[in-house]
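K.L.:
Between the sequences and the hints, there should be enough to build the whole structure, so can you do that?
Listed in order, the protein sequences are those of chains L, S, P, V, U and W. Just so you know, the working numbering puts 71 at position 71 of the first sequence, and the rest follows in order with no gaps. Just so you know, the working numbering puts 1228 at position 228 of the second sequence, and the rest follows in order with no gaps. Just so you know, the working numbering puts 2272 at position 272 of the third sequence, and the rest follows in order with no gaps. Just so you know, the working numbering puts 3143 at position 143 of the fourth sequence, and the rest follows in order with no gaps. Just so you know, the working numbering puts 4253 at position 253 of the fifth sequence, and the rest follows in order with no gaps. Just so you know, the working numbering puts 5306 at position 306 of the sixth sequence, and the rest follows in order with no gaps.
Worth flagging that the hints you see were computed from the coordinates, not collected in a lab. Note that the Cβ used here is the ideal one computed from N, Cα and C, for glycine as well. Do not take every clue at face value.
[What the hints assert, rightly or not] Which residues of chain P face chain W? A partial, calculated answer using Cβ under 10 Å:
# : residue
1 : 2251
2 : 2252
3 : 2263
4 : 2268
5 : 2294
6 : 2302
6 protein chains.
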Amino acid sequence: MAPSLPWVEPARTFLGATADWEKSRVVLVGAPLDVTSSFRPGTRFAPQRIREVSVGLEEYSLLFDRSLRQAALFDAGDLLLAPGAVGPSLDRVEECVAWLAAQGKKVALLGGEHLLTYAAVRGLAAAYEGLIVLHWDAHADRRQEYLGQELSHATVMHLVARLGIPLYQMGIRSLAPEELAAVRPLLRRPALPPANRDDNPVPGGQAGSEDVSGGLYLEDLLAGLWAVLPALRSRPVYLSCDIDVLDPAYAPGTGTPEPGGVTPGEIFRAVGHLPGVNLVGFDLVEVNPLVDVGDCTSLLAAKITRELILACSLT
Amino acid sequence: MAPSLPWVEPARTFLGATADWEKSRVVLVGAPLDVTSSFRPGTRFAPQRIREVSVGLEEYSLLFDRSLRQAALFDAGDLLLAPGAVGPSLDRVEECVAWLAAQGKKVALLGGEHLLTYAAVRGLAAAYEGLIVLHWDAHADRRQEYLGQELSHATVMHLVARLGIPLYQMGIRSLAPEELAAVRPLLRRPALPPANRDDNPVPGGQAGSEDVSGGLYLEDLLAGLWAVLPALRSRPVYLSCDIDVLDPAYAPGTGTPEPGGVTPGEIFRAVGHLPGVNLVGFDLVEVNPLVDVGDCTSLLAAKITRELILACSLT
Amino acid sequence: MAPSLPWVEPARTFLGATADWEKSRVVLVGAPLDVTSSFRPGTRFAPQRIREVSVGLEEYSLLFDRSLRQAALFDAGDLLLAPGAVGPSLDRVEECVAWLAAQGKKVALLGGEHLLTYAAVRGLAAAYEGLIVLHWDAHADRRQEYLGQELSHATVMHLVARLGIPLYQMGIRSLAPEELAAVRPLLRRPALPPANRDDNPVPGGQAGSEDVSGGLYLEDLLAGLWAVLPALRSRPVYLSCDIDVLDPAYAPGTGTPEPGGVTPGEIFRAVGHLPGVNLVGFDLVEVNPLVDVGDCTSLLAAKITRELILACSLT
Amino acid sequence: MAPSLPWVEPARTFLGATADWEKSRVVLVGAPLDVTSSFRPGTRFAPQRIREVSVGLEEYSLLFDRSLRQAALFDAGDLLLAPGAVGPSLDRVEECVAWLAAQGKKVALLGGEHLLTYAAVRGLAAAYEGLIVLHWDAHADRRQEYLGQELSHATVMHLVARLGIPLYQMGIRSLAPEELAAVRPLLRRPALPPANRDDNPVPGGQAGSEDVSGGLYLEDLLAGLWAVLPALRSRPVYLSCDIDVLDPAYAPGTGTPEPGGVTPGEIFRAVGHLPGVNLVGFDLVEVNPLVDVGDCTSLLAAKITRELILACSLT
Amino acid sequence: MAPSLPWVEPARTFLGATADWEKSRVVLVGAPLDVTSSFRPGTRFAPQRIREVSVGLEEYSLLFDRSLRQAALFDAGDLLLAPGAVGPSLDRVEECVAWLAAQGKKVALLGGEHLLTYAAVRGLAAAYEGLIVLHWDAHADRRQEYLGQELSHATVMHLVARLGIPLYQMGIRSLAPEELAAVRPLLRRPALPPANRDDNPVPGGQAGSEDVSGGLYLEDLLAGLWAVLPALRSRPVYLSCDIDVLDPAYAPGTGTPEPGGVTPGEIFRAVGHLPGVNLVGFDLVEVNPLVDVGDCTSLLAAKITRELILACSLT
Amino acid sequence: MAPSLPWVEPARTFLGATADWEKSRVVLVGAPLDVTSSFRPGTRFAPQRIREVSVGLEEYSLLFDRSLRQAALFDAGDLLLAPGAVGPSLDRVEECVAWLAAQGKKVALLGGEHLLTYAAVRGLAAAYEGLIVLHWDAHADRRQEYLGQELSHATVMHLVARLGIPLYQMGIRSLAPEELAAVRPLLRRPALPPANRDDNPVPGGQAGSEDVSGGLYLEDLLAGLWAVLPALRSRPVYLSCDIDVLDPAYAPGTGTPEPGGVTPGEIFRAVGHLPGVNLVGFDLVEVNPLVDVGDCTSLLAAKITRELILACSLT
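P.N.:
What follows is the structure in structure tokens.
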């Protein structure tokens, strides 16, 4: 940068990011993996677009009465992933995530397609003993193969479960027939929490006392989260959030939208429950700017990212 | 099809459709009537677009714990309707629907504009004695004429009512001044159902006991349906669903969107009430892919169609 | 209008229109007929949209070194045409055009679909003895019926020819097999004009000397016009211009775009040839704002309209 | 207009507007101010676009069982504001609003950007002693300067407060760090109203008894309105409604959308509370047709405008 | 298909396709390969979209005075290719193309991305001794690897050349620095053909007499084709046409548009030169409906496909 | 940047930019001025969008057989300009441009709206004695005021001329009536250059020998440039290129598109003439990504920018 051009804007990073690597606690990394999408591709453009629209938001969050400046966020840019190269791309994601954990940083991973969660969990499992995966999604992603492929956005949670990591899925509102047999024993329709369920925070002791063997909670994200919160509190937790857990009215920019999802208000209330949990990182995946309308999905993703970064910084 | 090309995909039909006409119970027919729209035309493209996006959904429905494969759906393609020819088009729809009823098939009719409901009801009235029409819509469609035309999407329910068919309308949130005089005696603001109104299924005996003289229920679709369910249970029922009963945020792709409608969740809960009813067919009309955004209206229409087909197959 | 609100803008009319009916020489009328389109409907929105974007142009034309103010244009608004009512709509167009001719006004008709040309020619034929129709289009529109309909945008020039009006068609680059038999004797591939063909104006005596029995000139609009100019000079001429004579890159907003058409430069050169002709009116049809991109078709239509109005005012 | 062309449509005004200035009670004025937007410009196109889409609605409102015809609305067109000229534009808005108040008319102001509210309040403050401003928005707009500018859409409510006008803000869900210090004492998280909060109308006596020193109510629009209604009832009230108070799913067409807002149903319920208030005028600002999708924001704005005009006419 | 529903439309195939496999001479196959695109993905949707819009064209071609009905086209549908599986997909394309050649059919291959050409050429090379590849494109596609991948749309012509197949490239207007060293010896700037270059057909004897060692002709497609026609006449020829050879104004729907390309008129004139050549098949690749505007790229692709099918059927 | 994250992509700068300020010869600066647009705003987004899409091009130019790497381009980012603040923004542009000239750098300025050219010329006039301005545009931009404003995109060339700088305008195809009186004496319709006009480079001696008093050349950009090249050769030249000099089919993303402009091929040929000129800087203005379609305008702007940077580096 020219020393004598003080009036120029710096290059685009995520809203409120610091330039101080040493002091940073949370590190944002873009992972534009976009290979196995079966319907509408384009998730490769999400990390950059989410950064760009993030400047339309404030750094300060009313939800947490706290600013991103306090979160010490470092934006490391995007991983270079060769188009069409699934294996090497997953290796690079795993290597990056593991390295960040070794540096004591929490990771905020912006996809890209959902398959990268498999790599991220592999990268974190060694660093965090007893890691639990929390999964918000419209789909269970538990096929055993998809059109003959084992590595796919549609098989990613099958792959995670096979690693022996406890897995709590919620918001699920669509299941493929071939998933059904495998997941039927795991299905839960959670009871609604007590009357004050809309309030933050959830008093931990009043929730159910699930064990850590995992479960698949249908539709109601908040009821599902309420049910599993006690189980989450004793372990390091990684959250994988597929943007299609939201209704397509709020998040049309995604590859396989599924009508009938949650609202932004429900997502933000759910995020408001996380500070009681040891959140060691998260990913936000399947945002597809190529099919977005008016950037509303990218903008919503940016706000969810802001709140999740703050949740990470608070635990 | 060339016998030695086993690797090619079949042509596009609706998700999960069977090739076995004999065993089919529900027959999907597209009726791309698109003549009398007063604002934004384009509904002629809906049947094909809904089929195309339907492959992004699963055949299995969590709502009914049942798959389209079990519904024995046959997709008969689209009716050939000459542009601008209202009368002959309506005759063809009527003839088709009557013939399907005579074959013992239930009809799933994808519009096209709403006027086709008049033809469909004429075609079914002879086959099903005591037929009742259930109507979900933002507008009452009960003008007596529209810009001098008697046959119009804006007069269709006036035409149906004139056939002497009992008519239950719900979700209505917009009325033209000229409709008001005629429908004022029919207006109902239904009481909310008891506390568990969100649960499926509705225990029939607890609902109100309407007679079969019809009614026009404002705004709250579920409360209206709850009120009329007892009346529906003793008769064959045809459902006409105008996609604009949904809020434009969920269904922007329609000719005359009306702000303030129901959510997909409410529609699916309403559909969940239908298996107790003898549903002999349905139409889904006024989807307009030409003004849709990101195909979200077509996709939502496809999911509603899936659930309504399953509801037909269960009764 | 409130007398004490001098700062408000006037309502939208076409660029440069006068409020003085008496002195006006050219009258612009919108005819939003939009019934028989076989592919993508939406032409009903064209007249208003063309007016709106026209304000982005200047009133002064470099082509004619003359301003719209000098043309004494009156903008009469749009005809009220009931959706779906073909016959009454055509009658209204005919009546309006005939009345304007009787008032000594030249008509600038903005469609709407092409079928309205049939009505306009009927309305003008009585007023102007020896009327000739000049037709610029990608398609010949000379089917005898279309999906069983006699009145259609695809049959309009067959209808005009049947009136006994000499018809010169040019720019045609697509023919239906069923048109071919009828029009084969009329096909012309015009020789290119002499070397200075790009210059304005065309010296009349040097062009070919066609009789007035009409003809169908393929593809090259300027060569075709050059060939027929002598025949046009002795008679009143009505020009019907279908926007799809232009390449879809310049005019994507139309119902049945046909790749490979003329450029705006060619159209403007062609219009530059018209002042030597007794142009008694024109229509510009098949602009469809609903499928336009960035209003570029409407804007090009507005500029063509400006130049054609000036051409009318010069003859 | 030509006397002998009785079949032409009148020029575009807002739905149901009267031509009788003398008898009119509410006057709609467009103020296409569009200068200081920091992100996506385009609000200058809103007044005209809202008028155009308003014809897709009915004049009759179910919410008030009353028609726009009864409201005696006059549509005065748009103010002529030179692009880039902030000061003169604000002066013109102020002058217009003051003049309308002097004529005994209530003003319905369609923006344009939010900064115009400052001019409108200046224009009304002299005419209505004790004026109170009610503000519905996603953002507090209380910065003291924005990128060195004092006059900005981001400072408008700071400017209003500095005039000494009591200011009640609600629906706020985003605050800039630099606003926080100033507004912390004003922050309120209102208790939910009693169980029947969804019903209309709110029985005034049961609400809280705020004084008229103003306040900033977070997020829940209805709860905030419920809390301040008693304070509003004794004074003339001007409502400033920023369309971004709605969730971007319902109103994507705006410059700085903020995920997580209210629904159309909540807005209409809030408007339903206003007839008990002496509403002397309102503005609806920040609609941006340039980034709208399928005109859904403009259409929603038109419906809100209809209901607010009716609310004005009822008080 | 139900025997008693004679009024339903057949499923979507390409315009004018026959159902008679035995008599067919040209077979259209969709190959929705969409894995290695480095910029904007979406070519997987092209085969189906091109079919759909093809019905907006006529079956009769003025260029060849011949109809598709005479070409005996069979539309075999799309190959099933697993997302992300490059190797197996290429094998399937090769197998399909080889099998069609063995059946004596000419292949019309609709991509999908350009990499499939490598598979098609492998499949045809055995069947047609002395095969020559003609390549129309904006880019040379002769990188040796792309981001570490050997199989890529950017390396495809390097792969073809390595097979030892003579390769004539034309229309090229963009070269990567890393391609330059390899292709410099092959660069040609062809002289313009004689004055009547715009006329069809090109008299063969007057053109240049290239040998069959291939060449890379810059920018001017017609001049390049003119130069190589003599070399093409003695051998079986496969044409690979990348849609981005056209200017983005005509074909915006493609992954890596390059400003400054040829016009549709030039393409059609080039196709008009092909009947003198033994054209044994062709592909049309890199159409991307996901980033198209108003389907104009798909429509242009459909028209080019029609003309190329006719060219195949004439040789 | 974290030292140990070597796998991340660098932040977005223009294609092929160097990080070495000292050695750089051409400096790219974004100037997102977007205040006085009278029609469709949005040019503020152009600099960033042009950078983003530039990566879809190659660094190597066939036109100059030279790569951007050889041009030693430094991308300094965007100037921070407060929305709505015309005067301070112009001062900042002037200051920046003057400073760059003082450092011996040539400036590549990406707008933003055209008004910034006034500031740039002021900044350069002191540094380069005898500076001449070359202006490519659809509009003359020579109004004396626009809606009462003196500083406007519509007055910018009037302001430049008033500085006493010789001004050569070409490509102009639209004039406002109020401009006409002032510019009539300057109007030129240049004779076509000799037969080889399409070839590069233009042999200087054969062109006309204009003096340096300026001129306004209508429509044909190449003929105009040919006529003024001799006059340009003895002086430092600044080029101001308004993207709307191109036809809207190629550059729809601009505020006031004017049908009938030049093609990309003509622009590139014109740029090919510049290396004989002492080009000391240029601007490319009025690109508006907000109304672009498929980024085609931004992409074309990026390619023109690449060629102009190379032209600067060659002189």
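K.L.:
Does each hint fit the structure? Answer for all of them.
P.N.:
Against the structure, the hints come out as follows:
no., hint, result
1, 2251, "9 Å, holds"
2, 2252, "9 Å, holds"
3, 2263, "8 Å, holds"
4, 2268, "6 Å, holds"
5, 2294, "4 Å, holds"
6, 2302, "8 Å, holds"
In summary, this structure violates none of the numbered hints.
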